[in-house]
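Undergrad: Assemble the whole structure, with the sequences as input and the hints as a guide.
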Amino acid sequence: MSCSNSGLDNAPDEIKLAVDLIYLLESNEVDPQVALEAIKIVQADLERKLGNPCTN
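Note that my numbering has the sequence shown beginning at 215, numbered continuously upward.
One or more hints might be untrue.
[As the list claims (entries may be wrong)] Distance windows between CB atoms, simulated:
no.: 1; residue 1: Ile-255; residue 2: Gly-221; range: 29 to 37 Å
no.: 2; residue 1: Leu-264; residue 2: Pro-226; range: 17 to 25 Å
no.: 3; residue 1: Tyr-237; residue 2: Gly-265; range: 28 to 36 Å
no.: 4; residue 1: Asn-224; residue 2: Gln-247; range: 32 to 40 Å
These aren't lab readings, by the way, just hints derived from the structure by calculation.
Quantities reported herein were computed from a predicted structural model and do not represent experimental measurements.
Each residue gets a CB set at the ideal place from its N, CA and C atoms; glycine is no exception.
TA: Listed below in structure tokens is the structure:
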């Protein structure tokens, strides 16, 4: 992950990943609604891989 902020050095991996994803979305000027819809797709895929039913 590309976190260089020393405040994130000791943060949990999920926080570091979230910061990276937010940066990626903002730097590419992704519409927030499009991002939310894409996140739903990603969530469903990851839940399927974990063997959990999709909650949405």
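Undergrad: The structure should be examined with respect to each hint, and the outcome stated for every one.
TA: Here's how the hints hold up against the structure:
1. Ile-255 / Gly-221: 29 to 37 Å: 31 Å, holds
2. Leu-264 / Pro-226: 17 to 25 Å: 18 Å, holds
3. Tyr-237 / Gly-265: 28 to 36 Å: 31 Å, holds
4. Asn-224 / Gln-247: 32 to 40 Å: Because 33 Å falls inside the window, the suggested range holds.
Violated hints are absent here; each numbered hint is respected by the structure.
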